[in-house]
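Novice: Each step along the sequence shown adds one to the number in this note's numbering, with nothing skipped, and position 143 is 143.
No wet-lab data here; the hints were simulated from the structure.
Do not take every clue at face value.
DEER-style ranges, computed between Cβ atoms [as the list claims (entries may be wrong)]:
1. 393 / 111: 11 to 21 Å
2. 378 / 3: 56 to 66 Å
3. 399 / 28: 51 to 61 Å
4. 14 / 367: 37 to 47 Å
5. 395 / 35: 46 to 56 Å
6. 128 / 381: 10 to 20 Å
7. 298 / 350: 27 to 37 Å
Ideal Cβ positions, reconstructed from N, Cα and C, are used throughout, including at glycine.
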Amino acid sequence: MTSLTPLAQHYLDRFDEALKSLPGAGDRHVESLRRQGLDSFAALDFPTKRIEEWRFTNLAALTKAAANEAETIPAFPKIEARFSSPHEMVFINGRFSAEQSRLDDLPVGITILPVSQSLGQGSVLNFDETETRSLVSLNTAFMQDGVSLHVEDGIILEEVLTLTFRNDPSTEHGRHVRNLITLGEGASITLLERHEGTGRYFTNPVTRISLDRNARLQHYKLQQDSKAAFHLALVDCEIASGACYDNFCLSIGGQISRNEMRTTILGEEAESHLNGAYLMRGHQHCDTTTLTEHTVPLNNSSQIYKGVLDDNAHGVFQGKIHIFPDAQQVAGDQLSKALLLSDRAAVDCKPELEIYADDVKCSHGATSGELDEDALFYLQSRGIPFEQARKILIEAFLADVLDTVKHDDVRTLFETLSTAWLSGTQADEE
């Protein structure tokens, strides 16, 4: 029998003790689900590069030590980017903070609760015996809290609803939040999901989203964890007829970060849009892995991701569009571009189309390279200093993907953070 990694064994050894303080303690059904998740995780361990979907991301820096003790991670200057939202749900080290949250003014028809308070009100926690993703199983076993959000039919929220997750190294067992988001027929909301923290920690959020007919969800994510953090996130989204899921992730934090997105299009005239930008320097590693499944005819999807990599940073993009048999008249587009600011920076790209229908319109592409020297020379010849000219070209490279952020205030926030990163004032708290 193959031995587990030290961190995986650490989880198994401490499960019984941790169980006493986890939500649902004493509930036999919840405890059974957790033990099933633990057994599944024990059989799988943390993902390794032998798994195709993880071939470019090595988690040894996370899993090699049981206690995951602190290492020296270079800090970058800190910036502050303010964003005002009248509705905010805050989690500290994986647990809901009522004191820091603002949820009183949400309109009727929107129900939002911490998962720790809603375990008995629906399947906010479940175990799928066919699940092969070990981090989902680990999340099931150690889930601490999360967001349970339901928007009733026809409800439209104009303001942004912010979900903030703050972390530090003060607690063991990582941060394992489970979010369940459901939108009824014709409902529409905008979510801003923020991840931030200080020091070294491991966060493993799992989010399940279900959109009913003609629902609209704009889901924006800011991954701004500390440079010593490990952020491994997964989102599963099911999209019914006429519904639209619009996602954008800006990643600027983490020692190792991964944003895994799976969208399943279940109805005609539905849309899935997965976009994002990642800005990495030092020895940061950022992995974006997507899968969009077209199961029926007459729908469309798009994916656009752009990365800027400096120093020894490493980027990964693995994107797949899967078109099922008989899913005719489907459009699916995918594009990945990376800008390398150092000859030590690197990116791995693996775009895929898996098509089992003949009446489709699909495209994919991936490019990486350095700044255009001719354009840089042209700007300098017009009297623009080298660093400013360089910044102008990088901002132009990012502009079109940032323009996919439809909400003006969120787009301004992301542009501010991107500009600050380019100026060398990357946000971080160590």
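Novice: Each hint needs a verdict: does it hold in this structure or not?
Specialist: To see whether the hints hold, each was checked on the structure:
The hinted window of 11 to 21 Å between residue 393 and residue 111 is violated, with their beta carbons roughly 47 Å apart. Checked against the given bound of 56 to 66 Å, the beta carbons of residue 378 and residue 3, roughly 58 Å apart, stay inside it. Taking 51 to 61 Å as the suggested C-beta distance range, the pair residue 399 and residue 28 conforms, at roughly 55 Å. The hinted window of 37 to 47 Å between residue 14 and residue 367 holds, with their beta carbons roughly 46 Å apart.
In this structure the hint that residue 395 and residue 35 lie 46 to 56 Å apart at CB holds, the actual value being about 51 Å. Look at residue 128 against residue 381: about 60 Å separates their beta carbons, and that is not inside 10 to 20 Å. Between residue 298 and residue 350 the beta carbon distance is about 28 Å. The supplied range of 27 to 37 Å therefore holds.
Hints 1 and 6 from the list above are not met by this structure, while the remaining hints are.
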